[in-house]
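Visitor: Here are the chains, one letter per residue:
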Amino acid sequence: MKSSVSLSWRFTKVWNRNLVVYRRIWMVNFITPLLEPLFYILAFGIGFSGLIGQVRYGGVELSYTKFIAPALIATAVMSNSFFETTYASFVRMYYQKTFDAMLATPLSLEEIIIAEIVWSATKAAAAAAIMLAVLALLGLIQLPQGLLLIPLAFIGGVAFGAIGMFFTGIIPSIDMFNLPIFLFITPMFLFSGTFFPISNLPQWVRPLALAVPLYHLTELARWFSLGIKETAPVASGGYLTMFIVFFTYLALKVMRKRLIR
Amino acid sequence: MKIIEVQDLHKQFNGLVAVDSISFSVERAEFFGLLGPNGAGKTTTIRMLYGFLPSTQGSIRLFGMDIQQDWRQIKARIGVCQQDNTLDPDLTVEQNLLVFSKYFSIPKREAYQRGAELLDFFALSHKKNAKVSELSGGMARRLILARALINQPDLLIMDEPTTGLDPQSKHQVWEKLETLKAGGLTALITTHNMEEASRLCDRLIIIDHGNILVEGRPQQLIAHYAGTNVVEVEGASQELRDYARLNHIEHDDLGRRMVLYGPDGSDLDNTIRERFCSAKCIYRNSTLEDVFLRLTGRELRE
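Just so you know, the protein sequences line up as chains C and V, in that order. Residue numbering for the first sequence follows this note's numbering, starting at 2 and increasing by one per position. Residue numbering for the second sequence follows this note's numbering, starting at 309 and increasing by one per position.
Keep in mind that the hints were calculated from the coordinates and are not lab data. Please read these numbers as outputs of a predicted model, since none were measured by experiment. Check the hints yourself; a few may be wrong.
[Unchecked claim] Here are the simulated BS3-like pairs of lysine-lysine, each with C-alpha atoms no more than 30 Å apart in a straight line:
#1 C:Lys98 - V:Lys435
#2 V:Lys436 - V:Lys416
#3 V:Lys416 - V:Lys439
#4 V:Lys416 - C:Lys98
All chains should be modelled from the sequences, with the hints used to inform the complete structure.
Guide: Written out as structure tokens, the structure is:
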């Protein structure tokens with residue numbers, strides 16, 4: 002096979018393969034995003050509300066549940082897509098040899114990898130749509146502009162799917178995913194303006210929060226749901242675009258090295 | 309036009325030579341064998357053939373097209389049965405065929421029909437809705453073959469198609485392959501099973517250390533390198549050794565044991581039986597395994 006990149010519409014065939022599997026266990030895929038926001042809203046909204054009360058964000062006073070609702074979608078997008086292209090893709094690549102089988106057909110490596118990333122984003126968008134329905138019913142997200150969260154979830158999903166795929170390309174064994182999760186995903190989950198505004202962080206830590214993708218995804222999610230923002234949406238959108246381009250390129254590079262031995 | 313044409317193929321991995329210089333060609337409707345000990349370069353060669361690996365040097369043409377340039381058209385016309393079980397455990401037996409047919413852009417209706425025919429041919433129709441994990445080793449192998457045939461390939465590439473199967477399953481796979489062969493299919497097979505190679509292959513090459521040791525038809529190779537009949541003598545005496553040497557009888561001296569190869573029309577069996585068989589002696593026909601061991605040596609690999 003040529004080392005030059007070859008990408009065509011055929012990637013949808015691999016995407017379709019994942020959809021077939023997803024539909025087989027649709028109940029599981031449906032219930033998690035349905036219950037997850039309810040648990041969080043119950044725990045933080047009712048459990049914490051007495052302690053926290055209002056949150057000041059973007060110059061506006063907000064109830065705590067309203068503040069975290071868009072962030073719940075953003076973090077779900079992150080975990081759905083990142084876990085898909087790490088654990089799930091790794092299992093397909095390493096244990097099930099699914100990619101090996103595909104590489105004996107007219108599919109190219111690029112098509113397989115792009116399909117995996119796009120699939121992870123699709124899964125994230127589906128989860129976001131279900132969560133959106135729940136959170137909108139609870140009055141925590143405004144409609145119809147909140148519907149923009151679905152395409153946003155897809156874009157965020159591509160970003161986290163791409164970096165997940167990059168880790169899949171370099172990780173020696175499946176247990177070692179603990180490392181990027183502990184060093185990258187968990188801190189982001191906690192410190193990206195998700196559960197408290199980054200203005201609460203010490204001055205010197207703030208640039209760190211601004212440097213991670215979840216911050217920008219959360220910002221955009223909040224802007225779409227509530228119309229309030231802290232950072233210019235153009236900057237966040239630009240950041241996510243750059244992130245996607247950079248990590249998709251890296252993911253393709255390391256996966257080629259890994260698979261074409 | 310030749311189906312496969314390989315010229316001066318060379319592959320290096322980090323400075324290590326896996327395939328040195330291999331050239332061969334395969335004609336239409338021919339079953340061609342690629343034999344060799346572990347690490348000889350078989351799987352590497354096969355992977356380069358179906359465009360999985362780029363070659364370091366040399367040319368590979370399938371159906372007259374270059375694999376580096378026209379890999380997509382070539383891959384659309386070949387079926388590959390890999391050594392590992394690469395079936396999709398997340399899908400049912402039938403879904404494995406249907407999802408795979410999409411990779412070849414086969415229209416849905418045609419894929420259903422073709423899938424049903426293949427399941428029938430490989431005696432898997434009753435397992436249509438089963439999970440792949442519920443299949444026995446033989447069934448899984450048959451499904452991999454069925455999947456490799458979903459695009460009605462002009463060339464079937466098989467990497468050890470019967471390794472690890474019980475005798476019943478193995479013979480069933482052989483019968484299916486013979487039926488396909490009678491139907492005019494072209495195939496390339498690697499195998500460690502010499503019975504398989506002599507039974508299925510019209511022509512074969514034995515490779516070792518990345519080079520071709522020999523090429524020919526199985527029977528012709530056997531006659532040339534191992535005669536027609538073999539006598540294995542346990543506890544071979546010095547007299548037997550002298551006798552073999554003096555009479556220029558082809559033989560391998562393995563210490564306690566001696567293997568002697570008798571050409572067509574020789575009276576080797578009787579001579580040994582009467583004069584040199586003190587303990588256990590085995591009289592049998594020469595096989596491809598004799599050829600293989602004589603050419604690649606008896607030392608363990610790996």
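Visitor: Hint by hint, where does the structure go against what was stated? Just the numbers, ascending.
Guide: Hints that this structure does not satisfy do not exist here, as all of them hold.
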